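Q: Below, each chain spelled out in residue letters.
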Amino acid sequence: MEKLIYAIVQPLTDVYAINLLLSGIPGVSETNLYALFYNDIAVVVSDGVILNEFVKKEMAIDFARVIESLSQQLTLLPVRFDSLLPSDAEATRLLSQNYTAFRNNLDNVKNKFEFGLKVLWDYEKGIEKVKINMESANENTNNCITSSSIHANYLLKKIKENKLDNALRDYIEQLKKEFVHDIAIINPEYNFNKMITANLILDGVFLVDKSKKYEFIQAVGNFKKNHTELHFLLTGPWPPYSFVVCPMV
Amino acid sequence: MIQENIIDKSKDFTLLELLDRVLNKGVVISGDIVISIADVDLVYVGLKILLTSVETMQQRQLMMVKPNRNISN
Amino acid sequence: MNESKILLNSVPIDDYGQAIEKMGNSVSSRINATPENADHGLAKLVITLVELIRKLMEKQAIRRVEGGTLSDNEIERLGETLMKLEMKMDEMKKLFNLTDDDLNLNLGPLGDLM
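Chains as they are written, first to last, in this note's numbering: chain P, 1 to 249; chain Z, 250 to 322; chain B, 323 to 436.
Hints may be right or wrong, so weigh each one.
If you want a taste of the chain P side facing chain Z, the calculated C-beta under 10 Å gives, among others [what the hints assert, rightly or not]: (1) I5; (2) L20; (3) F63; (4) V79; (5) D82; (6) S83; (7) T100; (8) F102; (9) F113; (10) G116; (11) W238.
Label-pair ranges, simulated between beta-carbon atoms [as the list claims (entries may be wrong)]: (12) K210(P) - K410(B): 50 to 56 Å; (13) K131(P) - S326(B): 35 to 41 Å; (14) S149(P) - D422(B): 49 to 55 Å; (15) L378(B) - S23(P): 54 to 60 Å; (16) R385(B) - N193(P): 24 to 30 Å.
Calculated directly from the structure, the hints in this document are not laboratory data. The structure displayed is predicted, hence computed values, not measured ones. For glycine and all other residues, C-beta sits at the position ideal for the given N, C-alpha and C.
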């Protein structure tokens with residue numbers, strides 16, 4: 001029977017305790033959760049539900065709920081939804097073959113939460129500001145094109161767009177630097193995704209010590225105060241989804 | 250009315266945050282079939298990443314080519 | 323469960339739009355994968371790679387022009403070529419119903435393609 005894999009966990013010392021915990025959490029599609037052990041780590045699985053080409057959003061949410069509940073009690077590495085292994089034996093083999101990597105990752109995320117921070121802006125207003133800054137920085141931009149044909153103008157337009165792109169990138173880099181500086185004392189591991197839309201300019205994840213939760217929220221609040229033109233969305237605490245650096249197994 | 254809307258949108262947003270994590274982050278476990286097709290790790294890793302981010306269908310099909318799965322196509 | 327995940331939110335309602343759409347796309351392409359849109363995925367992959375090469379050419383051309391060593395005639399021809407290329411790409415994107423946002427690959431630990 002195929003197994004749906006939920007998470008790699010550092011089990012409670014007591015096998016009875018972990019089984020009790022798992023018995024209180026329903027798996028995806030009302031399946032039963034159980035743990036398979038290897039040394040001092042374990043993998044939480046259930047019987048594989050049929051994940052054919054129409055995976056329901058609800059299943060993914062159910063799956064996330066399991067990981068959320070587990071993470072309240074255990075240190076864990078979430079496994080990507082939709083991961084099936086053919087048998088219990090294969091699941092145990094997964095642990096034994098990747099023991100060191102799992103172990104290191106578990107140590108890394110122990111007693112830590114993940115937070116997500118998205119910074120949005122009004123593109124029209126924001127880009128106007130970037131443009132003004134850029135133009136004041138370098139006046140004489142385009143004397144390399146003298147002709148004024150359609151094609152030369154096209155190139156000129158491209159050059160200007162390119163300059164603006166660079167200025168925007170510099171602005172965002174500056175913003176990142178500033179924020180990272182502000183949270184230096186909390187010293188979280190972090191990662192920024194690249195700008196993904198015109199109005200979403202920062203998209204970061206932060207691995208924060210549980211004891212520093214409020215300090216982190218406070219730091220974001222302060223940063224926000226200094227940037228009234230930007231909008232902030234801080235979410236969390238999440239299980240450490242974005243901080244698993246296992247080799248693909 | 251407007252208030253309701255705000256709540257809905259931010260709820261959407263966090264639901265997406267959640268789904269993004271569950272679907273795109275975390276430990277990646279492959280089907281054994283995939284490994285046996287490409288036993289060179291790097292090639293396999295690259296392939297898997299492309300498949301999961303561009304379109305998961307191919308990957309699902311690979312996953313489904315397991316002996317105990319019936320597929321019609 | 324989800325509401326409680328919001329710790330701080332100052333985003334005005336209208337500004338969610340694009341971001342939601344973009345995230346929604348990345349999620350639904352995984353959730354609603356069907357044999358029909360598997361084709362679409364392949365077209366997307368191919369066009370993405372072509373677009374990447376086009377952008378690299380454009381960047382390189384801009385650098386040359388900014389260098390100021392090209393003659394008017396060369397600039398003319400370069401501009402014409404790039405303009406036509408971009409128009410062709412726009413046609414292709416329209417044909418396969420792709421937006422600029424679609425034409426980016428998340429290369430996992432390597433970051434985004436463009």
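Q: If a hint holds in the structure, say so; if it doesn't, say that too.
A: Verification of the supplied hints:
1. This hint holds: I5(P) has a C-beta 6 Å from the nearest C-beta of chain Z, less than the 10 Å allowed.
2. Given the 10 Å rule on beta carbons, the hint for L20(P) is violated: about 25 Å separates it from the nearest Cβ of chain Z.
3. Annotation: interface hint on F63(P) holds; nearest CB of chain Z at approximately 6 Å, less than 10 Å.
4. For V79(P), the interface hint holds, since its Cβ comes within 10 Å of a Cβ in chain Z; the closest pair sits about 5 Å apart.
5. Interface hint status for D82(P): upheld, as the beta-carbon distance to the closest one in chain Z is roughly 8 Å, under 10 Å.
6. The criterion of a C-beta within 10 Å of any C-beta in chain Z is met by S83(P), whose closest approach is roughly 4 Å, and the hint holds.
7. Interface hint at T100(P): violated, since its Cβ lies 14 Å from the closest Cβ of chain Z, which is beyond the 10 Å cut-off.
8. Taking 10 Å as the C-beta contact cut-off toward chain Z, the hint placing F102(P) at the interface holds, the least distance being around 8 Å.
9. At its closest, the beta carbon of F113(P) sits 13 Å from a beta carbon of chain Z; the interface hint therefore is violated under the 10 Å criterion.
10. Here the hint on G116(P) is kept, as its CB sits about 6 Å from the closest CB of chain Z, short of 10 Å.
11. For W238(P), the interface hint holds, the least distance from its beta-carbon to any beta-carbon of chain Z being 6 Å, beneath 10 Å.
12. Checked against the hint of 50 to 56 Å, the pair K210(P) and K410(B) passes, with Cβ atoms roughly 54 Å apart.
13. At about 40 Å, the beta-carbon gap between K131(P) and S326(B) stays in the expected band of 35 to 41 Å.
14. A C-beta distance of roughly 27 Å is found between S149(P) and D422(B), which places it outside the suggested range of 49 to 55 Å.
15. Our hint of 54 to 60 Å for L378(B) and S23(P) holds, since their Cβ atoms are close to 56 Å apart.
16. Between R385(B) and N193(P), the C-beta spacing of about 27 Å keeps the proposed range 24 to 30 Å intact.
In this structure, the hints that do not hold are numbers 2, 7, 9, 14, in rising order.
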